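Asker: Chains A and B supply the protein sequences, listed in that same order.
Here the numbering used here is used: the first residue of the first sequence is 1, the next is one more, and so on.
Here the numbering used here is used: the first residue of the second sequence is 1001, the next is one more, and so on.
For the record, the hints were derived by calculation from the structure and aren't laboratory data.
Since the structure is predicted, the reported quantities are computational estimates derived from the model, not experimental observations.
Cβ atoms here follow ideal geometry from the backbone N, Cα and C, with glycine treated the same way.
Incorrect hints may appear among the rest.
As the list claims (entries may be wrong) - One side of the interface only, derived from the structure: several residues of chain B facing chain A at Cβ under 10 angstroms:
(1) 1012
(2) 1013
(3) 1046
(4) 1090
As the list claims (entries may be wrong) - Distance windows between CB atoms, simulated:
(5) B:1090 - A:124: 35 to 41 angstroms
(6) A:58 - B:1012: 25 to 31 angstroms
(7) B:1027 - A:124: 23 to 29 angstroms
(8) B:1050 - A:117: 16 to 22 angstroms
(9) B:1018 - A:55: 18 to 24 angstroms
(10) B:1027 - A:106: 19 to 25 angstroms
(11) A:113 - B:1027: 23 to 29 angstroms
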Amino acid sequence: MSDDTQALTRVLGRGSAHEGAHHWRAQRLTAIALGLLGIWLLVALGRLPDHDYVTMRAWATALWNATLLALFTAAACWHSQLGMQVVIEDYVQGWLRPASLLVSAFIHVLLGAAGLLAIVRIALGS
Amino acid sequence: MSQRPLSPHLGIYRFAYTMAMSILHRATGLVLSAGLLVLVAFLAALAGGADHYGRFTALAGSWAGRAVFALLIATFLFHLANGIRHLLWDAGIGLERPQARRSWKLVVLVVVAGSALLWWWLLGGAHT
């Protein structure tokens, strides 16, 4: 099969795009990160005496907390995007498939950007 | 596209608990994806000031809000515990059928006990 034919079958969504290994590895790396960061988040929230505005704000402003919170948010959006992609590819057919993949990617980038920007604003006290 | 081969699918398998675990892994993943909205809403509210955060906690403290957090905690624990099972399988550990049957029961145990503990700790009134 020539390179041109391979390129065409890729565009048509047939055959391998040769990106599976990267997807697989990223999904598992983010999974491990989310397991550790998720447990940290639950324990950190549980240890706080209160969840009111002043307490939460002070907690999220601390550099170490802001850093881990940002990593958790980024990893969660990335892992969610990878998982949602697999689900869409498994169950959605026809033109709805690329459309759903696009919408999913946009929403995940939007949520990730909004979350990270909020964390930065809190950390900077602005 | 319609002529392409089809993998074995749900419709032709006999029910097994290990299979239900696999389906639940996807289902909990989808619920946690929706949970991203809660996470970002929380971060945006905290960044938005005391008034904004007050509206968030009023919503989160309602019965519906507490139910959502309770669901997200249990869902996270399931996806985490069963995810570790998947990671071990990726490493070639625990793939035999008796082991897979033992490990799904362990996951359920972790989810039930962990959820009870975290609900009590995080939602049980120790914090307001």
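Asker: Can the hint on residue 1012 of chain B be confirmed by a CB-to-CB distance to chain A that is less than 10 angstroms?
Answerer: violated (16 angstroms)
Asker: Within 19 to 25 angstroms: is that where the Cβ-Cβ distance between residue 1027 of chain B and residue 106 of chain A falls?
Answerer: With Cβ atoms ~23 angstroms apart, the hint holds.
Asker: Given the hint of 23 to 29 angstroms, check if residue 1027 of chain B and residue 124 of chain A actually sit that far apart at their C-beta atoms.
Answerer: violated (38 angstroms)
Asker: Less than 10 angstroms between beta-carbons is the criterion; does residue 1046 of chain B satisfy it with respect to chain A?
Answerer: The hint holds - residue 1046 of chain B has a Cβ within 10 angstroms of chain A, the shortest such distance being about 6 angstroms.
Asker: Is the gap between the beta carbons of residue 1090 of chain B and residue 124 of chain A within 35 to 41 angstroms?
Answerer: Cβ of residue 1090 of chain B to Cβ of residue 124 of chain A: about 40 angstroms, so the range 35 to 41 angstroms holds.
Asker: Is it true that residue 1050 of chain B and residue 117 of chain A lie within 16 to 22 angstroms of each other by Cβ?
Answerer: Holds: the Cβ-Cβ distance is about 19 angstroms, inside 16 to 22 angstroms.
Asker: When you take the CB atoms of residue 58 of chain A and residue 1012 of chain B, is the distance between them in 25 to 31 angstroms?
Answerer: violated (56 angstroms)
Asker: Is the hinted range of 18 to 24 angstroms satisfied by the C-beta distance from residue 1018 of chain B to residue 55 of chain A?
Answerer: violated (43 angstroms)
Asker: For the range 23 to 29 angstroms, tell me whether the beta carbons of residue 113 of chain A and residue 1027 of chain B fit it or not.
Answerer: holds (27 angstroms)
Asker: Is the interface hint for residue 1090 of chain B satisfied, with its Cβ closer than 10 angstroms to some Cβ of chain A?
Answerer: holds (7 angstroms)
Asker: For the hint on residue 1013 of chain B, does the least C-beta distance to chain A fall short of 10 angstroms?
Answerer: Violated, because the Cβ-Cβ distance from residue 1013 of chain B to chain A comes to roughly 15 angstroms (cut-off 10 angstroms).
The structure does not agree with the numbered hints 1, 2, 6, 7, 9 stated previously, though it agrees with the rest.
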